[in-house]
Amino acid sequence: MSILVNSDTKVLVQGITGHFGAQHTRLSLAYGTQIVAGITPGKGGQRFEDKVPIFNKVTEAVEATGATAAVIFVPASFAADAIIEGVNAGLELVVCITEFIPAKDMILVKRAMRGKKTRLLGPNCPGIVTPGDGPGSQGGCRIGISPGYIHKKGHIGVASRSGTLTYEAVWQLTQRGVGQSTCVGIGGDPVNGTSHLDVVKMFNDDPDTHGIIMIGEIGGTSEEEAAAWIKQYCRKPVAGFIAGATAPPGRRMGHAGAIISGGKGTAAAKIAAFQDAGIAVAPTPSHIAETLLKLM
Amino acid sequence: MNIHEYQAKQLLAKHGVAVSLGDVCVTPEEARSSAAKRFAEGYKRVILKSQIHAGGRGSGTFKNGLKGGVQFCSNPAEVYAIAKKMLGQVLVTKQTGPEGRLVRKLLVETVQSFDTEHFVAVVLDRSIGQPVMMVCREGGMDIEEVAARAPQSIITEVIDPVLGLMPCQARHLAFSLGLTGALLGPAVKILTGVYRTWWECEATLVEINPLHIVEYMDGSQVLVAVDGKINLEDNALHRHPELQELRDFDEEDPLEVEASYYNLSYIKLDGDIACLVNGAGLAMSTMDIIKYYHGKPANFLDVGGGASPDQVGAAFKIITTDPSVKAILVNIFGGIMRCDIIASGIVAAVKEYKLTLPIVARLEGNNVELARSILRDSGLDIVTADSMSEAAEKVVAAAATATRAVSV
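If you're matching them up, the sequences are chains P and X in order.
So the first sequence is numbered by the numbering used here: it starts at 1 and just counts up by one.
So the second sequence is numbered by the numbering used here: it starts at 1001 and just counts up by one.
Think of the hints as simulated: they come from the structure by calculation, not from any bench.
Glycine is no exception: its CB is placed at the ideal position from the N, C-alpha and C atoms.
Nothing false has been slipped in among the hints.
Distance condition first, Cα-Cα at most 35 Å in a straight line; then the derived DSBU-like pairs of lysine-lysine:
1. K264(P) to K1394(X)
2. K231(P) to K1291(X)
3. K1084(X) to K1063(X)
4. K1296(X) to K264(P)
5. K110(P) to K1189(X)
6. K1291(X) to K201(P)
7. K1296(X) to K294(P)
8. K1084(X) to K1094(X)
9. K1229(X) to K264(P)
10. K264(P) to K1317(X)
11. K294(P) to K1291(X)
12. K1014(X) to K264(P)
13. K264(P) to K1291(X)
14. K294(P) to K1394(X)
15. K1105(X) to K264(P)
16. K1394(X) to K153(P)
17. K236(P) to K1291(X)
18. K1105(X) to K1044(X)
19. K1229(X) to K110(P)
20. K110(P) to K1014(X)
21. K264(P) to K1094(X)
22. K264(P) to K1067(X)
Listed below are several chain P residues computed to face chain X (Cβ distance under 10 Å; list not exhaustive):
23. A103
24. S160
25. G216
26. M253
27. A256
28. K264
Heads up, incomplete: computed chain P residues facing chain X, CB under 7 Å, no partners named:
29. F100
30. I107
31. R111
32. G163
33. G188
34. P190
35. V191
36. T221
37. A245
38. R251
39. G262
40. S286
Based on the sequences and whatever the hints tell you, model everything.
Dropping the structure here:
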C-alpha cells in the first residue's frame, strides 16, 4: 500500500518533448513507472523515443490509455493552462513540477478547481515517489524529478515543501535500511494544490504507513495547520524539521513561498506548533531520520 | 521586488486612489524650491520623507545624529537645512539593520490637518489561496504590533478572484472604519482602487498606512492616502515591462544584483561562512546548521535543484567577492546530476579564481566516491565531509582558525 500512486498508476506527461520533460520521462520509464502517454499540442500521432505515444490533447490520451495521473513540465507561462486541461479531462492527480508560475495564475487555477475531483500536487515541487521492491527501489511509481535510487520500499511517509531537503531525509532513512511508503513533495510556492495537512491525513489512513516525516520551511501556516490536526487526530509517530531558522525577515529564500512577512511564518512559530502537537523536531537536517526512528 | 513610496502612490493614483502626491527631490536646493512653492500656496507646513526600501522611517535615526527619517518643516530655509542633513546620509531603522540605508531621494509633500488615521492593505491569504483586504482604525501604527495586541480591531474581507472586491464588501469595510455619509463613496472608491492595484500589478502587498481624513477650513472632509507601500511579485514581473522600470538598483546589494544575472538565488548575510547549496530548503537548512554549530552564515545561495557545473562556477565567483568570507561550505545533493561532474566544477572554479580560502565540500548522491577522489587528488585544500553536520562542524572550525590567522 501507499498513498496517491502505486506501480499500477498510469501516468501521462504534459511537455514530454521539452528537454526537462524528456530527461525525466526517460528516468521514470527506467524506474518502472507506467508512463503511458505524452502531450505536446501539434505533435499528436508521434512517439516519444519510439515508445510512448504522443497526443495533442489530454482527453485523447486519457481515452486511449486510461491514464489517471499527469505530470507537468511545461514552462511557467503555460503551466496554469496545462493544469486546467488535466482537471477538465477528469484526471485524479495532476503533479506540477514547474517553478516560477505567477501567484495570480495559481489563485485562478485554485478557484477553478473548486468542486472538481482532481488533486493537484505542487506547483514548484519534486513530485511523488512510491518506491518499488526492485534494485534502487525500481518497480514503483516515480512522478517528477526525484532521484529514484535514494528510495527504498517500506513504511515511512514523507511530506515536504522542499526538493533536495526531502532527498536528504529519504537518503538518511534508506541508509539506515528503513524504507518509505510514499514520499510527497507539496512544493515551495505560496499557492499550491495539496497541503501538509492533506498528505498527513492520507498517511494516517494508510495502513502501510507506520511513521511520518513532515518537512517544512518558513512562510505561510501550512505546518501549523497540520500540527493542530496531528495533535488531535494522528495515531502515528511524527517527526518534523523546519528550514529557515536563520533566514532574515522579508526576504524570499529561493522558494516563492519561503518568506517571513508581517512577522508571520517564522521557523520559531512552526517549531513551537510542532512541539505543542507532540511532533519530535529534528535539531538539524542531519538528524531527521534519527529523530523519527527514536519514536518507532 | 520592492518599490519606493512615491512610486507606490503613483501606481495607486492610476487606479483611482486619492493620494498625497509630492515632489521627488535629490538635492537640498530642489527640496527648498518644492517647499517654497507649497508655502506660497498658503500651506503652513511641509513634510520631507526619506525614500528608501525599508519601513520604520519615522522612528529611524541618521548616522549623523538627526532623529527621524521623516521631518516636518515650516519655512524654506529650514527645509534646505534639514534636507542637507538627510540627503546623502545613512538612515538606520529597525528594518534596515545596523548598517542602515543611504538616502538618495526625498519626497516633499504638503501637510494637511487631519482627524483620523486608518490602515488598509491587501495580501494573499495563503491558507485559502485568495486575496484578503484588511482594514483597521489604528492607522499610523505598526500593524504587526496592533495584530498582536488587538487582533479583533483588524477587519477582513476575503476576495473572490473572479469577482474582485464587490461594492458590498467595500461598504462593509468602510462602515467598520466609521466612514459613512459623504465619505462612503470616496472610501469605496479608494478600497476598490487598492484591490485593483494589487490584482492588476500582481503585487504581493499593497498597503496604505495611514489613510487620513483631511479636514478643510469649511468643515468638509476628504480621504487621502498619505503613505503607500507596494511589493511586486517577481514571478509576474515579466508581464509588466512598465513595472520593471521601477526597479531601483541602488537599493539592492550589488552582489545580489550580479547573482540575479546568473539566475542564482543569492542573499547576502552578515556572517563569515559562505554557503553554496542546491535547492532552497537545503540551502536554508545549511545556514541553520552552521548557526547550530556556532558559526555565522555569510549568505543564502541556491544554485538550483539540478546544480550544473556552470552554476557552481558562477556561484564561487559571487560568494568569494564578499570580503567578510573566511571559509566556504559546499553542500550538494546530486540527485540526478552526477557528483563527479559537480566535483570537477568545484576544482575548475577554485583554480580559475585562485581561491585560497578553506573549502569544506559535502557531496551526496550519484557517483559520490568518484567525486570525493576527484577532490582529494586535485592537490587543492578541499576538505570532504560525509554528512551535513560533519561538514558544518569542519567549516565552523576552519573559519575560526582563519579568524585567528588574521588577528595574529
